[in-house]
Each structure stands twice: as C-alpha cells, then as structure tokens.
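Go by the hints and put chain B onto chain A.
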Amino acid sequence: MNVINTPLLQDYVTAAAALPGAGDKRITALRADAAASYRSVGLPNPKIEAWKYTRLKDLEALPFSRAEASALVPDTVEGSGLAALSARIVLVDGRFVPELSVLPTQAGVSVASLRSCLEAGEAAVVAILDRDVDFSQAPLAALASAYLDDGAVLKVEDGVSVSKPIEVVAFSSTDPATPRIAFPRLVVSLGKGAELTLVESFSGPALGVYAVDAVTDIAMAEGAKLKHYVLQAEGRDATHVSTGRCDLPKDARYEGFILQLGGKVSRHEMRLRMLGEGSDAKLNGAYAAKGDAICDTTTQVDHIAAETTTDQVFKGILDGKSKGIYQGKVHVFRDAQRIIGNQMHNALLLSRAAEVDCKPELEIYADDVKCSHGATCGELSDEQVFYLRSRGVDAVTARAMLLEAFLGETFAMISDEAVSAAFAAKASAWLDERERA
Amino acid sequence: MSNGLVIKDLRVSIGDKEILKGINLTVEPGVVHAIMGPNGSGKSTLAHVISGRPGYEVTGGSITFDGHDVLEMEPEERAAVGLFLAFQYPVEIPGVTNVNFLKTAVNSLRKARGEKELDPMAFLKLLREKAKALELPEDMLKRQLNVGFSGGEKKRNEMLQMAVLAPKLAILDETDSGLDIDAIRIVAEGVNAQRSPDRAFLVITHYQRLLDYIVPDVVHVLAYGKIVETGGADLARRLEKTGYAEYTPAA
Numbered sequence: 001m002n003v004i005n006t007p008l009l010q011d012y013v014t015a016a017a018a019l020p021g022a023g024d025k026r027i028t029a030l031r032a033d034a035a036a037s038y039r040s041v042g043l044p045n046p047k048i049e050a051w052k053y054t055r056l057k058d059l060e061a062l063p064f065s066r067a068e069a070s071a072l073v074p075d076t077v078e079g080s081g082l083a084a085l086s087a088r089i090v091l092v093d094g095r096f097v098p099e100l101s102v103l104p105t106q107a108g109v110s111v112a113s114l115r116s117c118l119e120a121g122e123a124a125v126v127a128i129l130d131r132d133v134d135f136s137q138a139p140l141a142a143l144a145s146a147y148l149d150d151g152a153v154l155k156v157e158d159g160v161s162v163s164k165p166i167e168v169v170a171f172s173s174t175d176p177a178t179p180r181i182a183f184p185r186l187v188v189s190l191g192k193g194a195e196l197t198l199v200e201s202f203s204g205p206a207l208g209v210y211a212v213d214a215v216t217d218i219a220m221a222e223g224a225k226l227k228h229y230v231l232q233a234e235g236r237d238a239t240h241v242s243t244g245r246c247d248l249p250k251d252a253r254y255e256g257f258i259l260q261l262g263g264k265v266s267r268h269e270m271r272l273r274m275l276g277e278g279s280d281a282k283l284n285g286a287y288a289a290k291g292d293a294i295c296d297t298t299t300q301v302d303h304i305a306a307e308t309t310t311d312q313v314f315k316g317i318l319d320g321k322s323k324g325i326y327q328g329k330v331h332v333f334r335d336a337q338r339i340i341g342n343q344m345h346n347a348l349l350l351s352r353a354a355e356v357d358c359k360p361e362l363e364i365y366a367d368d369v370k371c372s373h374g375a376t377c378g379e380l381s382d383e384q385v386f387y388l389r390s391r392g393v394d395a396v397t398a399r400a401m402l403l404e405a406f407l408g409e410t411f412a413m414i415s416d417e418a419v420s421a422a423f424a425a426k427a428s429a430w431l432d433e434r435e436r437a
Numbered sequence: 438m439s440n441g442l443v444i445k446d447l448r449v450s451i452g453d454k455e456i457l458k459g460i461n462l463t464v465e466p467g468v469v470h471a472i473m474g475p476n477g478s479g480k481s482t483l484a485h486v487i488s489g490r491p492g493y494e495v496t497g498g499s500i501t502f503d504g505h506d507v508l509e510m511e512p513e514e515r516a517a518v519g520l521f522l523a524f525q526y527p528v529e530i531p532g533v534t535n536v537n538f539l540k541t542a543v544n545s546l547r548k549a550r551g552e553k554e555l556d557p558m559a560f561l562k563l564l565r566e567k568a569k570a571l572e573l574p575e576d577m578l579k580r581q582l583n584v585g586f587s588g589g590e591k592k593r594n595e596m597l598q599m600a601v602l603a604p605k606l607a608i609l610d611e612t613d614s615g616l617d618i619d620a621i622r623i624v625a626e627g628v629n630a631q632r633s634p635d636r637a638f639l640v641i642t643h644y645q646r647l648l649d650y651i652v653p654d655v656v657h658v659l660a661y662g663k664i665v666e667t668g669g670a671d672l673a674r675r676l677e678k679t680g681y682a683e684y685t686p687a688a
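Residue numbers (the numbering used here), protein chains in the order written: chain A, 1 to 437; chain B, 438 to 688.
Hint data in this document are derived by calculation from the structure and do not stem from the laboratory.
Quick reminder that beta carbons are idealized off the backbone N, C-alpha and C, glycines included.
There's no promise every hint is true.
Stated by the list, open to error - In silico EDC-like links for lysine to aspartate or glutamate, alpha-carbon gap of 16 Å or less:
#	chain 1	residue 1	chain 2	residue 2
1	A	Lys250	A	Asp280
2	B	Lys579	A	Glu409
3	A	Lys57	A	Asp292
4	A	Lys25	A	Glu119
5	B	Lys540	B	Glu566
6	B	Lys548	A	Asp394
7	A	Lys370	A	Glu307
8	B	Lys540	A	Asp394
9	B	Lys445	B	Glu465
Said to hold, decoys possible - Cβ-to-Cβ under 8 Å is the rule here; a few derived chain B residues that face chain A:
#	residue
10	Ser488
11	Arg490
12	Pro512
13	Ala516
14	Val528
15	Ile530
16	Pro531
17	Gly532
18	Val533
19	Ala542
20	Ser545
21	Leu546
22	Leu602
Said to hold, decoys possible - The following residues of chain A were derived to be distant from chain B, with all beta-carbon distances above 12 Å:
#	residue
23	Asp11
24	Ser86
25	Pro98
26	Thr174
27	Gly191
28	Lys225
29	Lys282
30	Phe333
31	Arg352
32	Asp367
33	Cys371
34	Cys377
Pulled out of the complex, with its shape left as it was, chain A reads as follows:
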C-alpha cells in the first residue's frame, strides 16, 4: 500500500497553515521535519525493525481523517478511578478541555493547553518538543508531530513536591460517519529536585472505531523524581499508539508502569534516556488481551551515562486469538560503564490460539556492565489449580485467583499505594469480564 496516498497527510499543507504557532519558524520546522519523516517511512510495516510484529490494519485499510474539535464533549470521562488528586486534566480527541479539567492549586505547579503555549511560542516548551528524536523507527510519533496542535503542558518548579497524583485523561470519541484519529500530546517538565506522580489514562467509547496517536514528552532536571503510571483502557475497536519519552539527567529517578487492557490494536512505547550519572529507572507493566486483540509493549532504554541503572518487569495474559508483544531494547553506550540493566517478561497463554512474541535486545558497547534479560511463556498450572480446589475453592475462583496473583505481582511494584490498588482493580475487572463472557 502506498502510504503517502493515505488521507492521513493529504490535507497537510492546508492543515499545517492553520495549526497553532504556524508563524513560528522553530515550530513549523519541527512539524515539517516530522511530516517529511512520516512521508518517507509511511505507516508501520515489517521493514521497520521496531514494528516487526504489529500492523495497524485499520489505519492501513480505512480512510482515517484527523479528529476535528469535538462538538460533543461528554459530561464526564472515565479515568483510573483515583479519588485523591492534585489535578485532573482532560483531553478530548487530543484537545484540552478546561470545563472538564480540575487545575492544580499548589504553588509551583502549573497546567496550560499546548495550543496556548505554541501560539505564544514558549521557548521552554518548544525546546522539549525539539529534542533530537529518531522518527525512523517511530512513524506514528512523526505523524503526531506533523500535526502538533493541542494537548497539555504540565510544569513543576524546582524543589516542588506535588502532594497528590496528577491525572491526565485522554478520551477519544468515535464518529460513525468517518473513522478519525486523535493526537493527544502531553509535555511534562520537572524542575530540579521536583517530585510528581503522574497518571495517564487513555479511554474511549466501548464500541466504535477510532484511533489514538499519543505522544508524551517528559523532561526532568537534576535530582527530579517522577512516578509515571499509564492506563490504556481504550474501547474494543480502537487503534491505540502511544510513544513516551523521558530523559533522565544526573540523579533523576523514574518509576514507570504501563497497564494495557483495551483496544483492538495497541502499541505503547516508552523510551528512557539515561543521560546523567546516578540516574535510575524502573519500568514495569502488565497487559491482558482477548478476542483477536493485539497488544504491544515496546521499551527502549539508552544508557548514555555511566553508573545508571534500569530494571524492567512485564507480565501479560493472552486469551482467545489475541497476540501479545514485548520488545525491550537496552542500548549501552561506549562510556556508560558500571551500569545495570535488567529486564524480564512473563506471559500466560489461556488458549491454544493465543500468541506471544517477545524480543529482548541488548546492544552493549561498554565493557563494565551488568545486563540481564529473561522471558517465560506458559499456561496456568494444573498443579496450582488442583491445590486450590483440593482445599474447597471452586475451579472458576481458583483460576481467577491465580490469574489475579500472576498480574498482582506487578502491581505490588507500584510504590504509590492508591495507584497500585486502582490498577489492580482495573485488571480484576478485566478478569471478571472475561470470566463472564
């Protein structure tokens, strides 16, 4: 398929002229580079190494167009279910909706629409957007950047510790007349020693075709601490692609978790760049898929500075004819001595037709490193099921207990107790629904 002829960039010249900050050279250059990159690569295909296992079939087959500002803003949008928050930012079809958002009141914490920042040509925001990004392996991030428009910008000043989590809910609507793609974008900036717990939730209507192409850019200053938890709970017919990036300078701390439970085809990608000595990242996650869903989790960690550590644990449950993908790349640069990089992926297949593709990748150019990776794939243990049943627990409950326990081990790694409980509840609801089906 000749992707250049897809409607995705057809209206581009006209559309780009109307995008915010179109008079700003830095912003237009950024968009033009991204558009050129997308044109040269096109939609993800097996020729792109990072997209070997996942095809965005709906985007290939259907005439998607960019989601215009939605006239029908819902009254409420569902997120993670967390009650105690410092702020709740709502994006609908990628657009910042102040009426649905609750803005932070704490000094040193600010939220603005990305559109207003682009219109004002805010240098700090443009600088974060303009960090050297390799679009060659990330065509959807290129497409989203070509249409750089609205979203949210979240800033935490030096030394400020945000008291409660901030949640960003990216809700997408569906249009029965035409399939639409939304580009929610989040820019996060943490000052020196700042601390934040950020929850990103993606959701949409339970039924109906739509696509989301999200990008999250995170910039941290020295010694900043971020807990970054992502919940992907898109509707059953959704195509979801999300690309996150976080740069860690000296002594920065990152704790991430990616929970994927929805969508027809979903791909969540997170890139961490360990730029400063003493930076440390933990990136864990869980996913569950059924029917013919495809669920892809891709991580890339670049150990650029010495004495940096990363640790990744991912677990997935695959039912029906679903397919799970975990790709974890760890790249250790030449001068990145004394680094530690571990990754582990465990999958549980509940049906013979389910599939899992796991690709750990280590690229090491330094000689004093400790790196490990491991992967397991199996079925629910008959031994374990029988043990529970022999104590009086019925078969359905026994299986549910074991599945919950399997994913539960990952939720125990979420250090924020409220988020840990909220994510465990989401997974539990998914399992209950599966049990009833």
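This is chain B only, laid out in the frame that chain A set:
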C-alpha cells in the same frame, strides 16, 4: 450417614499401566490407618485418586465417603464433604498470601455446606490460634503461599491448613519425606492434637519412623497395587526390621 471412607475393588491406571489392582479399604470415623509400602507400590496414587487429582483413570471399583460417591465429585466437592489431602509436595503459589488463601478456602467450604461465611476478625482469631499451636511464626501467614518455605515449613503449613479446615478424614501423603527428626516431631504433634472421635486419618509413609509419633490403630501394607497385609501398630515395627522384601511379586 457417617460410615467413613469405603473403598471397594478400586482399579486405577495411568496410561496403559495399571497402578492399583483392586484395593479394598474401610477407614471408620475417628480411626487412624497407616498405609506403608515400597516405592512405586501405588501409595501416592491412592491418595491422589481419593482427593480427585486429574491424570488418573479409574477403571473399576468405587470410593464412597459418608455415603457420597466420591469418584463422581469435583475436588472442591470432596473437600466440602470433609476430605483433606496433605500434599507430599505442597505447591508454591506466588502472589497469593497464605492468609488470603486460607480465608477463601474456609469460606468456600462454609458456603458449600450452607454455613455463614466467617467475618474477617473471627477468621483471623481462628487462624492465629491454630498457627500458635503448630509453632508457626505469624509472619508466615502473610507470606505468599509456600513460596520460599523450607521443606519443614511447607509441611507445617499443610498441618495448619488441616487444622483450620477441620476435615473428617485427613490423608497425609508421605508427610515425613524430606523432614528432619525435629520437623517430624512437630508435624506429628500437630496431627496428634487433632485426633478426635470424629476425625479419621490415613497416614501414608514409606518409613516406620513417623508412626513412632503418630501411633496408628490399623496398618496396611500396599505392594504392587494391592493391600497384601493388614495388622496393628506392631506390623509397622516388624517392617522396620524386615523391610518390604517379602512382598516382592516373585516371592
């Protein structure tokens, strides 16, 4: 009907191989039976078939417990009528805590018997009391089920489950295997403390040693798929001296 466990002419195969070749056994309420025998005689198979473990084909005979047709019941239904198997190799279940597992088990059994579920406080009280009697440290209750437990801890945990679930018939499948003498003593004391007129035991063991501590009322020798001799506690002591050589098929 409380006539205990009645096994009649039980025949069991794994694949093409016949393991149990016509077992007849009655375990009356409150009585402690021991089954001894050489390795590969079918002792564990018997324990597994009574408890409903998958993988065995029953080709003939019957098992009833207090009048229930055991072979027609799911494992959890067998537990509900009062059968309990203490595993030779207790299974590790990561992500499920000991306390949550036991709470689910206790309440599943109560529900199946039409009884009210225990409230969390009453359950914890019961659990603590039973754990204390078995000299189990309280932190073991919060740990993941059997994960990282030593051999002795796993067996003591089986005894704890038995104490909490209060079965009418407990089958101990080589509970002494892999245990040192102190661990055997603790396990045996746990069993003896639970002996009562309405609780029977079927103690399966290769060695007589365990039976020094849990003195049985009846001892059976199972060899090559059949019960070849039945006697009192003295039979176990005799076997300790002579071994199982006299029961070889050629003999």
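Tested hints:
As the CA atoms of lysine 250 of chain A and aspartate 280 of chain A are separated by approximately 9 Å, the hinted pair is consistent with the 16 Å bound. Taken as a hint, the lysine 579 of chain B and glutamate 409 of chain A pair is honoured in the structure, with Cα atoms around 15 Å apart against an allowance of 16 Å. With a C-alpha separation of about 12 Å, the suggested pairing of lysine 57 of chain A with aspartate 292 of chain A holds against the 16 Å cut-off. Among the hinted pairs, lysine 25 of chain A with glutamate 119 of chain A is consistent with the structure: their alpha-carbon atoms are about 12 Å apart, no more than 16 Å.
A threshold of 16 Å between alpha carbons decides the hint, and for lysine 540 of chain B with glutamate 566 of chain B the separation of about 14 Å falls inside it, so the pair holds. A distance of roughly 11 Å separates the Cα atoms of lysine 548 of chain B and aspartate 394 of chain A; the hinted pair therefore holds under the 16 Å criterion. Taken as a hint, the lysine 370 of chain A and glutamate 307 of chain A pair is honoured in the structure, with Cα atoms around 11 Å apart against an allowance of 16 Å. About 14 Å separates the Cα atoms of lysine 540 of chain B and aspartate 394 of chain A, which keeps this hinted pair within 16 Å; it holds.
Taking the CA atoms of lysine 445 of chain B and glutamate 465 of chain B, the gap is about 14 Å. The hint holds against a cut of 16 Å. The interface hint given for serine 488 of chain B is met, as the beta carbon of that residue sits about 5 Å from the closest beta carbon of chain A, less than 8 Å. A hinted interface residue such as arginine 490 of chain B counts as satisfied when its beta carbon comes closer than 8 Å to some beta carbon of chain A; here the least separation is about 6 Å, so the hint holds. With 8 Å as the threshold, the beta carbon of proline 512 of chain B comes within range of chain A, its nearest partner Cβ sitting at about 4 Å, so the hint holds.
Taking 8 Å as the C-beta cut-off, the interface hint given for alanine 516 of chain B holds, the closest approach to chain A being about 4 Å. At about 4 Å, the closest approach between the beta carbon of valine 528 of chain B and any beta carbon in chain A falls short of 8 Å, and the interface hint on this residue holds. A hinted interface residue such as isoleucine 530 of chain B counts as satisfied when its beta carbon comes closer than 8 Å to some beta carbon of chain A; here the least separation is about 5 Å, so the hint holds. Given hint, proline 531 of chain B at the interface with chain A, holds; its Cβ is 6 Å from that chain's nearest Cβ, closer than 8 Å.
A distance limit of 8 Å between C-beta atoms decides the matter here; for glycine 532 of chain B the minimum to chain A is near 3 Å, and the interface restraint holds. Given the 8 Å rule on beta carbons, the hint for valine 533 of chain B holds: about 5 Å separates it from the nearest Cβ of chain A. For alanine 542 of chain B, the interface hint holds, the least distance from its beta-carbon to any beta-carbon of chain A being 4 Å, beneath 8 Å. Look at serine 545 of chain B: its Cβ gets to within about 4 Å of chain A, closer than 8 Å, so that hint holds up.
With a least beta-carbon distance of about 4 Å to chain A, the hint placing leucine 546 of chain B at the interface is held under the 8 Å criterion. Annotation: leucine 602 of chain B was flagged as interfacial toward chain A, and the flag holds, the nearest CB pair being 7 Å apart, inside 8 Å. The Cβ of aspartate 11 of chain A sits about 50 Å from the closest Cβ of chain B, beyond the 12 Å cut-off, so the non-interface label holds. Distance check for serine 86 of chain A against chain B: the nearest CB is about 31 Å away, which clears 12 Å, and the non-interface claim stands.
For proline 98 of chain A, the shortest C-beta to C-beta distance to chain B comes to about 42 Å, beyond the 12 Å cut-off, and the non-interface label holds. In this structure threonine 174 of chain A is separated from chain B by more than 12 Å, as the shortest Cβ-Cβ distance comes to about 36 Å. With 12 Å as the threshold on Cβ separation, the claim that glycine 191 of chain A sits away from chain B holds: the shortest Cβ distance comes to roughly 38 Å. The Cβ of lysine 225 of chain A sits about 28 Å from the closest Cβ of chain B, beyond the 12 Å cut-off, so the non-interface label holds.
Listed as outside the interface, lysine 282 of chain A is consistent with that label: its C-beta sits roughly 19 Å from the nearest C-beta of chain B, beyond the 12 Å cut-off. Every Cβ of chain B is farther than 12 Å from the Cβ of phenylalanine 333 of chain A; the closest lies at roughly 36 Å, confirming the non-interface assignment. Residue-level check passed: arginine 352 of chain A sits 18 Å from the nearest beta carbon of chain B, beyond 12 Å. No beta-carbon of chain B comes within 12 Å of the beta-carbon of aspartate 367 of chain A; the shortest separation is about 35 Å.
Residue-level check passed: cysteine 371 of chain A sits 25 Å from the nearest beta carbon of chain B, beyond 12 Å. With a least beta-carbon separation of about 16 Å from chain B, cysteine 377 of chain A lies farther than 12 Å from that chain, consistent with its non-interface assignment.
Violated hints are absent here; each numbered hint is respected by the structure.
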